[in-house]
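Asks: One-letter residues, chain by chain:
There are 2 protein chains.
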Amino acid sequence: MTDNPDRTIGVAVLGMGNVGAEVVRILDESAGDLQSRVGAPVELRGVAVRDLGKPRKVAQELLTDDPAALVARDDVDIVVELMGGIDPARGLIRTALENGKSVVTANKALLAEYTGELATAAANRKVDLYFEAAVAGAIPVVRPLMQSLAGDTVERVAGIVNGTTNFILSAMDETGADYGDTLAEAGRLGYAEADPTADVEGYDAAAKAAILASIAFHTRVTAADVHREGISSVTSADLVAAKKFDCTVKLLSICERVHGTDGRQSISARVYPALIPLSHPLASVNGAFNAVVVEAENAGRLMFYGQGAGGSPTASAVLGDMVMAARNKVHGGRGPLESTYASLPIAPIDDVPTRYYISMKVADKPGVLAQVAGEFTKRSVSIAAVRQEGAGDDARLILVTHRAPDRAQSECVAALEDMDSVLKVSSVLRLEGTDD
Amino acid sequence: MTDNPDRTIGVAVLGMGNVGAEVVRILDESAGDLQSRVGAPVELRGVAVRDLGKPRKVAQELLTDDPAALVARDDVDIVVELMGGIDPARGLIRTALENGKSVVTANKALLAEYTGELATAAANRKVDLYFEAAVAGAIPVVRPLMQSLAGDTVERVAGIVNGTTNFILSAMDETGADYGDTLAEAGRLGYAEADPTADVEGYDAAAKAAILASIAFHTRVTAADVHREGISSVTSADLVAAKKFDCTVKLLSICERVHGTDGRQSISARVYPALIPLSHPLASVNGAFNAVVVEAENAGRLMFYGQGAGGSPTASAVLGDMVMAARNKVHGGRGPLESTYASLPIAPIDDVPTRYYISMKVADKPGVLAQVAGEFTKRSVSIAAVRQEGAGDDARLILVTHRAPDRAQSECVAALEDMDSVLKVSSVLRLEGTDD
Chain A
0 MTDNPDRTIG VAVLGMGNVG AEVVRILDES AGDLQSRVGA PVELRGVAVR DLGKPRKVAQ
60 ELLTDDPAAL VARDDVDIVV ELMGGIDPAR GLIRTALENG KSVVTANKAL LAEYTGELAT
120 AAANRKVDLY FEAAVAGAIP VVRPLMQSLA GDTVERVAGI VNGTTNFILS AMDETGADYG
180 DTLAEAGRLG YAEADPTADV EGYDAAAKAA ILASIAFHTR VTAADVHREG ISSVTSADLV
240 AAKKFDCTVK LLSICERVHG TDGRQSISAR VYPALIPLSH PLASVNGAFN AVVVEAENAG
300 RLMFYGQGAG GSPTASAVLG DMVMAARNKV HGGRGPLEST YASLPIAPID DVPTRYYISM
360 KVADKPGVLA QVAGEFTKRS VSIAAVRQEG AGDDARLILV THRAPDRAQS ECVAALEDMD
420 SVLKVSSVLR LEGTDD
Chain B
0 MTDNPDRTIG VAVLGMGNVG AEVVRILDES AGDLQSRVGA PVELRGVAVR DLGKPRKVAQ
60 ELLTDDPAAL VARDDVDIVV ELMGGIDPAR GLIRTALENG KSVVTANKAL LAEYTGELAT
120 AAANRKVDLY FEAAVAGAIP VVRPLMQSLA GDTVERVAGI VNGTTNFILS AMDETGADYG
180 DTLAEAGRLG YAEADPTADV EGYDAAAKAA ILASIAFHTR VTAADVHREG ISSVTSADLV
240 AAKKFDCTVK LLSICERVHG TDGRQSISAR VYPALIPLSH PLASVNGAFN AVVVEAENAG
300 RLMFYGQGAG GSPTASAVLG DMVMAARNKV HGGRGPLEST YASLPIAPID DVPTRYYISM
360 KVADKPGVLA QVAGEFTKRS VSIAAVRQEG AGDDARLILV THRAPDRAQS ECVAALEDMD
420 SVLKVSSVLR LEGTDD
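Order-wise, the sequence lines are chains A and B.
Residue 38 in numbering that gives the first Met the number 0 sits at position 39 of the first sequence, with consecutive numbering throughout.
Residue 380 in numbering that gives the first Met the number 0 sits at position 381 of the second sequence, with consecutive numbering throughout.
Accuracy of the hints is not assured; some may be wrong.
Dumping the calculated BS3-like pairs for lysine-lysine here, alpha-carbon to alpha-carbon at most 27 angstroms [to be verified]: (1) K423(A) <-> K377(A); (2) K242(A) <-> K242(B); (3) K243(A) <-> K360(A); (4) K243(A) <-> K125(A); (5) K423(B) <-> K125(A).
Simulated restraints on C-beta separations [what the hints assert, rightly or not]: (6) H258(A) <-> R24(B): 17 to 23 angstroms; (7) D363(A) <-> G189(B): 54 to 60 angstroms; (8) V412(A) <-> N17(B): 43 to 49 angstroms; (9) S231(B) <-> D245(A): 22 to 28 angstroms; (10) P347(A) <-> A67(B): 45 to 51 angstroms; (11) G286(B) <-> G262(A): 33 to 39 angstroms; (12) S283(A) <-> D27(B): 45 to 51 angstroms; (13) S381(A) <-> G83(B): 46 to 52 angstroms; (14) G115(B) <-> P40(A): 50 to 56 angstroms; (15) S342(B) <-> P40(A): 50 to 56 angstroms; (16) G31(A) <-> G389(B): 55 to 61 angstroms; (17) G179(A) <-> N17(B): 51 to 57 angstroms; (18) P40(A) <-> G99(B): 27 to 33 angstroms; (19) G84(B) <-> G84(A): 52 to 58 angstroms.
Treat the hints as calculated values from the structure; they're not laboratory data.
On a predicted model such as this, the values are computed, not experimentally measured, just so you know.
Even glycine gets a Cβ: it sits at the ideal position worked out from N, Cα and C.
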């Protein structure tokens, strides 16, 4: 592991979709720069693809449909995994690490489940496992959290880390169109996949939340620990109502250190669509852009903003990792791996203090507001703002609560649903990004 | 340089001002966390101060007024230099590096002159020289540029990296007060030093531009290479006029890859107050906050935002570096040092394409605009927008040009100053952050 600038660093790329194709292109076009930055030549040894027959912009002899054989080659020092999914990626990465190869991956679903297993394999062989591209594409978030903030105490990470849902919510806000039409439009424009479930139901954002929470709080957090709600029930009426409270609606991935009244700490990791004030830095993050706000004890509030998806931006993050892994191969040493020493417990969503926005159709008669307010008082949830709108059959009550345990908030909603004078609870969203 | 978790990492801190005091506090309060993150205990060996008699929040026996003796101690592995200034910091850091100690510094003035010398000393002994805190305080900028973007090609870095001047310009914009009064107010509030020259004349921002340009373009850039103009000539009238063009005024540090018509590349590093469109992400960075926008070929546009100064935020960056340097001491390896392989030439400001905003008092008679426009046409500078305001003795012409070499722009201004019908060129600022 000492300096050896004479060696050549061999790279294997697994998967040649949007990101893989860009990685292969840049490896070729920037070979000179990459060599200068690494301190040794970097050579592409091969690219594993599913379909060898498909025309691709890479020399045919570099292609293989046997990723295991490619990973096993002695002249491969770094494996760049961009195939996605759990299997066979998991086994290939493990084998690579166990054989002393460093790995760069953008596979958030895999990392959100198996970082522990993979990081252990990397630690055993003293090699790198880098994954900047797994969260927020080109935006450096993993490395700043893991390294730049290594001497600080992170209190909260809140981000817009899914471009598809942010595109949909931004478009609904702008056009007034409803969810279904906007999703269809997003699909036509290439912002939503044929099966958009992973994005719109928050699975992608939850995997990223698990990765961010793990790093921020030095605790192993998996996707199953993340409370998850998607955007499919957000209506255009919610976006209109949000504006009346000087807010907009965003799908947020939130990782929070929860300070219990007994002084004990726990972690909340959660994904849901929420109202945030228009003055909040995340409110102006529109379209397919991503942004992550980090709040740390000493650093204060930091924001990272940029393109969270797409071939070239994601390839930029992959190649930054690859250069660092290659440098370590040449000069010795390695980057930090999983840090789980804090082992904080996960706070169930019920215990996490939240704020609610509730919109309901009510009977147009005197005393309804007092009755509604009574249900909140009973559960020690205080109301921050109320709007009464419409009249007759269209009488509506919209209210926003102060912070209280989520369980108390959701019990208030259940009580409202049981009230005769509340005809329908049309919408319930949380409110984030406020100080009180 | 192999794993040795049993060793203790000894740290010497040079200087105990705002930042030093916070570093010492956090080293003490977070000892357990730091040990877990480093993989070995971290111990403060001593703090060098100028005045031993001053009361400080650290055990008296740790204080010394002999920094050279502290740096020379065998049980010091990492030197944290926070004294500022060129001497004796330069010699102390060199000695530390030459003796195999890693160094963390926030000393931008020193780095803007002597990174070459210091990085060479670090490279010879295979130790770290980290300086995240030297640019934009708590905001991770150095590490993302050096590591996360290591596989990309940076085209431009533009930042608000001086809190004092940003506080003054924001306050002038908000209150309409003039420069002198606002500077005095900033001094009273602790946002400007007794001698504000380094801030208001752009020396601080220029040192940071030199550091950023060096990293972004893999070329050694020193403060002398940076074209520098301060904010002392910005008037409240400029801020009012800027608004009419949907702009505001910010002191920008700009590092740009200039693509010559012959295909050759050069670097422009420059600091000056400039108009930027209100829609630009830097326009809403107000008060003492800092932000840096990076544009890279593949990553696209990234923005980093946060607190650029202050004891705790800067200490956060210092400690992040310290943890990484300590990890390398324990686990082997080291971070990237100076990278100067590209060795691009520096473009003189005259050759750099810029846009100008020019405000002038003119004679209130027909034909003045045509005359003025003629001077621009002669020099192949095209005018993007013109406003004629006032009348009689208060007739004014405000114009904004399209992009052209800065020399041609400044020659237009000189020609205007010679025109009889132009009574006074009251203000000249550049316009940045537009695509055309």
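Asks: With reference to the structure, classify each hint as holding or not holding.
Replies: For each hint, the structure was consulted:
no. : hint                                    : verdict
1   : K423(A) <-> K377(A)                     : holds (21 angstroms)
2   : K242(A) <-> K242(B)                     : holds (26 angstroms)
3   : K243(A) <-> K360(A)                     : holds (17 angstroms)
4   : K243(A) <-> K125(A)                     : violated (55 angstroms)
5   : K423(B) <-> K125(A)                     : violated (68 angstroms)
6   : H258(A) <-> R24(B): 17 to 23 angstroms  : holds (20 angstroms)
7   : D363(A) <-> G189(B): 54 to 60 angstroms : holds (57 angstroms)
8   : V412(A) <-> N17(B): 43 to 49 angstroms  : holds (48 angstroms)
9   : S231(B) <-> D245(A): 22 to 28 angstroms : violated (38 angstroms)
10  : P347(A) <-> A67(B): 45 to 51 angstroms  : violated (56 angstroms)
11  : G286(B) <-> G262(A): 33 to 39 angstroms : holds (34 angstroms)
12  : S283(A) <-> D27(B): 45 to 51 angstroms  : violated (40 angstroms)
13  : S381(A) <-> G83(B): 46 to 52 angstroms  : holds (49 angstroms)
14  : G115(B) <-> P40(A): 50 to 56 angstroms  : violated (25 angstroms)
15  : S342(B) <-> P40(A): 50 to 56 angstroms  : violated (20 angstroms)
16  : G31(A) <-> G389(B): 55 to 61 angstroms  : holds (57 angstroms)
17  : G179(A) <-> N17(B): 51 to 57 angstroms  : holds (55 angstroms)
18  : P40(A) <-> G99(B): 27 to 33 angstroms   : holds (30 angstroms)
19  : G84(B) <-> G84(A): 52 to 58 angstroms   : holds (55 angstroms)
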